[in-house]
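Visitor: What follows is each chain in one-letter form.
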Amino acid sequence: MAVTPIDHVAKATPPSVASKIRGLSDRTIAWLFVAPTIFLLLAVNIFPLIWTINLSFTNFRANRPNREVDYIGLRNYERILTDGDIWLTMQATAHFLFWTIFLQVLIGFTLAWLINRKFKGNDLWTTLIVLPMMLSPAVVGNFWTFLYQPQIGLFNYGISFLTGVDPSSFQMIGDVALAPWAIVIVDTWMWTPFVMLICLAGLRSIPDYIYEAAEIDRASKWRQFWTITIPMVLPFLMLAVLFRGIENFKMFDLVVQLTGGGPGSVTELTSINLKREAFEKWRTGYASAYAIILFVTVFGLASIYVKALNKVKER
Amino acid sequence: MSSYSITEPSSRQKWVAGSLVIAYAVITLLPLVWILTTGFKSPVDAIAYPPKVMFEPSLEGYVNLFTTRTRVSQEQLEALPPPATWYEEIVRNRDMVIAGPSRYGERFLNSVIIGFGSTFLSVFLGTLAAYAFSRFKVPLKDDLLFFILSTRMMPPIAVAIPIFLMFRTLGLSDTHLGMILLYTAVNISLAVWLLKGFIDEIPREYEEAALIDGYTRFQAFYKVVLPQAATGIASTAIFCLIFSWNEYAFAVLLTSGTAQTAPPFIPTIIGVGGQDWPAVAAGATLFLVPVMVFTILLRKHLLRGITFGAVRK
Numbered sequence: 063m064a065v066t067p068i069d070h071v072a073k074a075t076p077p078s079v080a081s082k083i084r085g086l087s088d089r090t091i092a093w094l095f096v097a098p099t100i101f102l103l104l105a106v107n108i109f110p111l112i113w114t115i116n117l118s119f120t121n122f123r124a125n126r127p128n129r130e131v132d133y134i135g136l137r138n139y140e141r142i143l144t145d146g147d148i149w150l151t152m153q154a155t156a157h158f159l160f161w162t163i164f165l166q167v168l169i170g171f172t173l174a175w176l177i178n179r180k181f182k183g184n185d186l187w188t189t190l191i192v193l194p195m196m197l198s199p200a201v202v203g204n205f206w207t208f209l210y211q212p213q214i215g216l217f218n219y220g221i222s223f224l225t226g227v228d229p230s231s232f233q234m235i236g237d238v239a240l241a242p243w244a245i246v247i248v249d250t251w252m253w254t255p256f257v258m259l260i261c262l263a264g265l266r267s268i269p270d271y272i273y274e275a276a277e278i279d280r281a282s283k284w285r286q287f288w289t290i291t292i293p294m295v296l297p298f299l300m301l302a303v304l305f306r307g308i309e310n311f312k313m314f315d316l317v318v319q320l321t322g323g324g325p326g327s328v329t330e331l332t333s334i335n336l337k338r339e340a341f342e343k344w345r346t347g348y349a350s351a352y353a354i355i356l357f358v359t360v361f362g363l364a365s366i367y368v369k370a371l372n373k374v375k376e377r
Numbered sequence: 131m132s133s134y135s136i137t138e139p140s141s142r143q144k145w146v147a148g149s150l151v152i153a154y155a156v157i158t159l160l161p162l163v164w165i166l167t168t169g170f171k172s173p174v175d176a177i178a179y180p181p182k183v184m185f186e187p188s189l190e191g192y193v194n195l196f197t198t199r200t201r202v203s204q205e206q207l208e209a210l211p212p213p214a215t216w217y218e219e220i221v222r223n224r225d226m227v228i229a230g231p232s233r234y235g236e237r238f239l240n241s242v243i244i245g246f247g248s249t250f251l252s253v254f255l256g257t258l259a260a261y262a263f264s265r266f267k268v269p270l271k272d273d274l275l276f277f278i279l280s281t282r283m284m285p286p287i288a289v290a291i292p293i294f295l296m297f298r299t300l301g302l303s304d305t306h307l308g309m310i311l312l313y314t315a316v317n318i319s320l321a322v323w324l325l326k327g328f329i330d331e332i333p334r335e336y337e338e339a340a341l342i343d344g345y346t347r348f349q350a351f352y353k354v355v356l357p358q359a360a361t362g363i364a365s366t367a368i369f370c371l372i373f374s375w376n377e378y379a380f381a382v383l384l385t386s387g388t389a390q391t392a393p394p395f396i397p398t399i400i401g402v403g404g405q406d407w408p409a410v411a412a413g414a415t416l417f418l419v420p421v422m423v424f425t426i427l428l429r430k431h432l433l434r435g436i437t438f439g440a441v442r443k
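Protein sequence lines correspond, in order, to chains A and B. First residue of the first sequence? That's 63 in this note's numbering, and the numbers climb one at a time after it. First residue of the second sequence? That's 131 in this note's numbering, and the numbers climb one at a time after it.
By construction, these hints were calculated from the structure, which means they are not laboratory data. Some hints could be false.
Said to hold, decoys possible - Derived DEER-like restraints, expressed as beta-carbon distance ranges:
1) B/LYS430 / A/ARG129: 52 to 62 Å
2) B/ALA209 / A/GLY322: 22 to 32 Å
3) A/ILE108 / B/PRO357: 47 to 57 Å
4) B/LEU279 / A/ILE112: 15 to 25 Å
5) A/ILE221 / B/LEU150: 45 to 55 Å
Ideal Cβ positions, reconstructed from N, Cα and C, are used throughout, including at glycine.
Turn these sequences into a full structure, and let the hints guide you.
Guide: Spelled out as structure tokens, the structure:
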């Protein structure tokens, strides 16, 4: 890029004589500083991505590296998009996404709204609530299988304590109807604090004078809530939904340890299904096409969503 | 904010809000308390019904976590010299002898090496890049920053296949170096975004003054900017550490022994007749406690760290 005179004027720091004589020029430093990061990302992210795209057109199997590889065009993509089981996986994922996001937004917002009352010791309690999301999802998922044990687990005991239902009469993980809820509960337990923190930031960004003005206009509390609080927090809420959506679409560790995709395949989310194709059935080419479809889906949905988010922000 | 503000909640409102939040906190912390206490239960107490709140503390879980044991017959047991240590005694009481150390220590050490190695590298590279993005006219700056962020959208499994093949070709599979590089690449997007935010907040005037005093750009960077950014760098480091500490998908897919970290190992702790829950809980406790401590130390920067600085507090 040519250096125009404007560039020189626009630079915040005047080109000092010292730096020209003794040190490297700003442009060289900028390149030296940015290059390793870009290089690393190209090597460990972009190169593998391109490789995945290439593999997705082949019948390559990673457990048989010496076998001849054929380019089979779009056949992998065709097979995936017409496979009924994959649509079941997608449904399981959609169910999981919908309920986790719904519950996390509902509980997270309520908690933030309560904490925003600034009662005594709220900082301490906020920090304690946040702990679950900082832990290792795999370890947590594994331990929850213990809490979900029908005979001895704390969860079943708690439910039976509250409702009088026999604790050994239901299996959260073994039952086809309950297993999807078992993962929704653990994910909600783990990630509600995340939504809560973002909502709290949103609530704290609302200046007091808006409420004071509403108070003078004699707007009811209810009306203030719907016309001030909700619209002002909405961009933050949408951001929380975006982050949770992307993360839960990729969800792997927690569910693998909790249900392993079972019973049958009712909790087999896309990542688990993909792992099975790639590292158990070793259908590498097929799994690559699958991975590309998932990535394009996340990227596409996220881009559309970010556009909507920016519109809300502009208002 | 004035304390006489008409928007200030009444003391009754505060009381109600406080009790609801505390009730939620108590329920949400129960599973964690259960992990911590199960580690100190005997295997019998751990699976008692109804679940035991009061119990005789035992270190059996921790002993089982760090050792492998073999069952011996009554005669063999009697022929042995008396147990030399308290942990041998615990094992003897179960008609077993200690056969050797378990792999937990090794896996924990792997977590430490890979966690700290990748954290150091991502913070080091991230600081350089963040400084350049914050202070210089980098061509295509916005595109590059978005590119760096977008690398986080890929599901780990999607890139795991070619990384698996690439590592196999380069001899990096199941090595510490391979995992450090991989986790650095995952963490660097967070590091750049967070650190750029922190460095943006340091007034440019400091460096300009240093430049006028005859410092080179580079000297101004490490003598003026770095010390100012220290808190930001420290909290970024902890977020990177927590991520690589907790990571599971890559660890389980790309490592099998030498470089495997603790998260894939803890769930595989099996005792006689199923999962040895006190040992699992002991392993989880040792693994979770550092993160819990960091979280409490870090609470001020928490929000920025988990959202890439996308939300300003």
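Visitor: Using the beta carbons of B/LYS430 and A/ARG129, state whether their distance is inside 52 to 62 Å or not.
Guide: Given about 56 Å between the Cβ atoms, the range holds.
Visitor: Can you tell me whether the CB distance of A/ILE108 to B/PRO357 sits inside 47 to 57 Å?
Guide: violated, 35 Å
Visitor: Do the beta carbons of B/ALA209 and A/GLY322 sit within 22 to 32 Å of each other?
Guide: At roughly 44 Å between Cβ atoms, A/GLY322 and B/ALA209 fall outside 22 to 32 Å, so the hint is violated.
Visitor: Looking only at beta-carbon atoms, does the pair A/ILE221, B/LEU150 fall within the given range of 45 to 55 Å?
Guide: violated, 21 Å
Visitor: Given the hint of 15 to 25 Å, is the C-beta distance from B/LEU279 to A/ILE112 inside that range or not?
Guide: Cβ of B/LEU279 to Cβ of A/ILE112: about 19 Å, so the range 15 to 25 Å holds.
Hints 2, 3 and 5 from the list above are not met by this structure, while the remaining hints are.
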